[in-house]
Amino acid sequence: MSETQTGWRDWLLTDTPQSRNQARLAALFQGWLSFRSNPMAMFGLGILILLLLMAAFAPLLAPHDPFTQDLANRLKPLGTPDHPLGTDSLGRDILSRLIYGSRITLYIVTLVALIAPVAGLMVGTIAGYTGGWIDLGLMRITDIFLAFPRLVLALAFVAALGAGIENAVLAISLTAWPPYARIARAETLTIRNSDYISAVRLQGAGPIRIITKHIWPLCISSLIVRVTLDMAGIILAAAGLGFLGLGAQPPSPEWGAMISEGRRFILDHWWVATMPGLAIFTVSLAFNLLGDGLRDVLDPKDEK
Amino acid sequence: MSALSFEGLNVWFGEGRDRVDAVKGATFQVAPGETFGLVGESGSGKSTIMRALTGLAPHWSGHMSVNGRPVGRRRDKEFYKTVQMVFQDPYASLHPRQSVDQVLSETLYLHGFTDIEPRIEKLLDDVGLGPSFRFRYPHQLSGGQRQRVAIARALAPEPSILLLDEPTSALDVSVQAEILNLLTDLRAEHDLTFLMVSHDLAVVGHMCERIAVMQFGEIVEILGVDEMRAMQTTQPYTRSLLKASLGYIRD
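Quick mapping for you: the protein sequence lines, in order, are chains A and B. Residue 279 in the numbering used here sits at position 279 of the first sequence, with consecutive numbering throughout. All you need for the numbering used here is the position in the second sequence, starting with 1, plus 1000.
These are calculated hints, taken from the structure and not from any lab test. Mixed in with the good hints there might be a few duds.
[As the list claims (entries may be wrong)] Negatives, chain A to chain B, calculated, CB over 12 Å: (1) G7; (2) P81; (3) E166; (4) A199.
[Said to hold, decoys possible] Heads up, simulated DSBU-like pairs for lysine-lysine below, C-alpha to C-alpha not over 30 Å straight-line: (5) B:K1243 / B:K1024; (6) B:K1081 / B:K1024; (7) B:K1077 / B:K1024; (8) A:K213 / B:K1243; (9) B:K1077 / A:K213; (10) B:K1122 / B:K1081; (11) B:K1077 / B:K1122; (12) B:K1081 / A:K213.
Quick reminder that beta carbons are idealized off the backbone N, C-alpha and C, glycines included.
If we strip away everything but chain A, and leave its shape as in the complex, we get (with noise of 0.2 Å):
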């Protein structure tokens, strides 16, 4: 057994590949043990496997159904039997609630996540590769976006296409792109009259080629650095969003709108609003962790 896994280490790690998925595997091995000997970012990773997990296998997780209301049993405290995270005003389960509602923050976060940075990354590498008038135009809608303080502008959008979850990432998605087309547009300048894309150049390619297969995996890395750190952002954007009640709507168990909810007793009935806040606060520090473990591995300008 222990053969055969030197064996398999030592074929990742050799420096003589002999095929082209060999020599892929090799470097996204290499990038594991690099981020695998940072302890904070594998337990950021941990925690969002978790959250996976626990997303995945709600119904079986769950100890009841998350709108099951029971008046009877209503803002039972923590440790109850039957309900160790106690009951909010309707008498649901608040552990069935969150353990559901992470379904709803892993859809906010996956839709934002390929919205945001796709839209910026297109945006910024064409500005920055293009230039001129182009360059010009699309920066300056991209100020434009960013001169709105990003809450009110969602706040704007949620108002104008109606409350709800979808319409809610869409209006966190449309405020958190520039950014994004930021940070490309940056590389892209630095990348653009580099020798090895003048050498494409001069292979005849064209801009979109060059574009999308040789400016964009060298922006990628740090956009993902960048939406990982943005995602606790995401995560309390949707939550502030529910918490205003323009994101889910009852009896949805997200999040934030749980802990709107639970506003009513904060001062009585505590939990109901701090125990959805502390799930919102580890998912986002996990979020953090990890992308500070990939800003290591992936970072470009970092050469070990």
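Given chain A, work out where chain B should sit, using these hints.
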């Protein structure tokens, strides 16, 4: 017919008050199969001539032609199949996230070759790199190996003219000799015409048949390499440049 011909080439950077004239009225011809050297101090416009020819320096006027065909504002596939360039710094001229295999196969793909696999093996063999280097990334290669990859990339479209922008100045002295010998061998093998920029007169003396001496963007003098060795120059600047290359001489 000359392989490369430049007539009254002006190249400038910036506009208006920021305008810098990097090359002023350069005129010279490079015969097919010849190795022509451009020498001069830093900033004398040597590399800029190459960058203007390949389209990397967009602001130029005058006349340039390749194998008798005039070079226009837009260069077509045919141009890039004829003229290729090896850059100065092998640490900056390879994409940090692409393996040797990716670099070469993309180059071959862009030039419309279909037999990519055997060609990559042939190219690596040509530049003295074994098949074990094929899937390595640039950070797994030494400076000399990187420059060999860059040369392989330049050779991929089977050009007849190779522009060498100080191909050895970023390398160790021992590796410099290897790369220069490799280039000499490749020239004989593929019937290449070289246009070479260098500030190292020893390199130029080893490689070139004729040289053009540049100062402040202008060509001061064009002379044969034997005249250069014998210090038979008509221009005082050429003499002082040659003298400086001999090292410090106590009077």
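Problem - Structure-inconsistent hints, enumerated in ascending order - result: Violated hints: 4, 8; rest satisfied.
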